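Undergrad: Residues per chain are reported as follows:
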Amino acid sequence: MAPVVELKHLGFRYPNAENWIVEDFCISVAPGEFLSIVGGSGVGKSTILRLAAGLIKPQKGTIQVRGESAKGRRRRALVFQDGRLMPWRTVEQNVRLGLEGLDLSKTEINHRIDEVLELTGMLELKERWPHQLSGGQVQRVGIARALAVKPDILLMDEPFSAVDTITRQGLQLELTRIWQASGAAVLFITHDIEEAAFLSDRVMVLRGQPAVIANETIVNFDRPRQRNSEDLFKLATKIAENL
Amino acid sequence: MFGYLMESNTTPRRVILGITGVLIFLILWKSSESFEWVRRGTMPDPFLVPQAMLDEWTSGRLVPAVQSSMIHYIWGLGLGTILGFSIGAFAATSRWFDEIHIYLARLLRPIPPLAWVVFAIAWFQVSHAGAAFVIAIGVFWVNYFSTYSAVKNIDPRYYELAQAFGQGSYVIKFVKVTLPASSPGILSGIRTGVGQAWMTLIAAELLGVPGMGQEMNSAAGVGAYEAVVVYMLAISAVYAFTDMIFSFIETRLLRWRP
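So the sequence lines, in the order shown, correspond to chains A and B.
Here the first sequence is numbered in my numbering, starting from 1 and rising by one per residue.
Here the second sequence is numbered in my numbering, starting from 1001 and rising by one per residue.
Hints are supplied without guarantee of correctness; some may be wrong.
Here are the computed distance ranges between Cβ atoms for each label pair [said to hold, decoys possible]:
#	chain 1	residue 1	chain 2	residue 2	range
1	A	Asn110	B	Gln1125	36 to 46 Å
2	B	Leu1048	A	Pro87	48 to 58 Å
3	B	Met1199	A	Gln132	33 to 43 Å
4	A	Gln132	B	Arg1157	34 to 44 Å
5	B	Val1022	A	Leu123	50 to 60 Å
6	B	Pro1258	A	Glu115	22 to 32 Å
7	B	Ile1016	A	Ala162	16 to 26 Å
8	B	Asp1098	A	Gln132	32 to 42 Å
None of these hints come from the bench; they were simulated from the model.
Just so we're clear, the structure is a prediction, and the values are computed from it rather than from any experiment.
Where is the CB? At the ideal position from N, CA and C, for every residue including glycine.
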């Protein structure tokens, strides 16, 4: 099946910077796949995600979504590390953000909002302001907002790094359920190898400058996965050796 | 609306202390008049103020003066607010405009609004337009700086968020990010401008534009200082009323804040 997103021979460096963050960098994500990229701080994981999201433009190479040049936004949706809700919008209005300006009827928009809020367990809290939510709830709304645009791929930038361990583990289970229900592919950035092994179909290790894929591991354990299983632990340890 | 505003200010302790403060002020005021702490005949008697108010009302001077002041107040406040907000917001969001206007802003900003009275009279004569012009200048700078600073301080991550969800054009980002994110600073500037406008208004009217300032000047000229106090109280009442309405609107608009 054709990849849902392909980064082809990307080259990128920040203005006035000497070093390339990535150079001749290629990855592709298959439809419905859960791909994680792990790596140390500053290696360029988030930059790759921002490139994939179209927030920054590469100096070299191309980004294709479903085999076409990636223009427009509705097929890729970003989930930010900090949740990033607009504090002046309620939960429902935040989820509405990506649907504004689309050629959809009011009924369809409201239906979609309720659908994704239900999926993320936030329907009851749709009238709340962001400051009335916990860190985990903020992330759920961020995920709901991304899902509302019915993207081909969810781009997630360390979405659970700012929440406590118990909340993180709960959100990982929720994400697995939501991902399976939505059918969207996921490109997931994390520095937590166990998290990557627990969630993903495939894990890539990024290293060096410019960043290169130091290792690629297929995770073919059945789902639902056991967080404390020995196999998962061994796999995470093996991935970590490549960091 | 009033119930909401009174809610936090009506605890018995606050009421008692508040009234006590007013009484102490009245005693000191009356004492200064009785014991001639200032030049004889220049301190109004607080107990004659109610009669003076009745006289100003029945003589038909008070209400027209308030109405006249309100005309240039509203025009000046409206014009100054709209221009200050628009230019401040544009300067903060457009790099080339920011660079092209910055020296001019630094040059003009220190000039007090009242220094423009000379030109106001030359261009508009002694009229509502002239007074509104002077008021607008004072209000303009307050709103210009509050808007400029509020917009400049918006967390750029909100713009990135808007862009990530397809709300990337200048106008859309302005409506969906710039305006709401900077609204606390902008509203604070508008509220300061409401007060600034009164200060400039009275000064402008002292030069002859009809209104409360002019009536104060006339009353002072014949030693009717109680009447001066009447107009001062009228200004205070109108200002308190406008500020209360604004406070209500501000609270409603910013209900999203913790």
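Undergrad: Let me make sure I understand: some of the numbered hints might not hold for this structure. Which ones are they, in numerical order?
TA: 1, 4, 7
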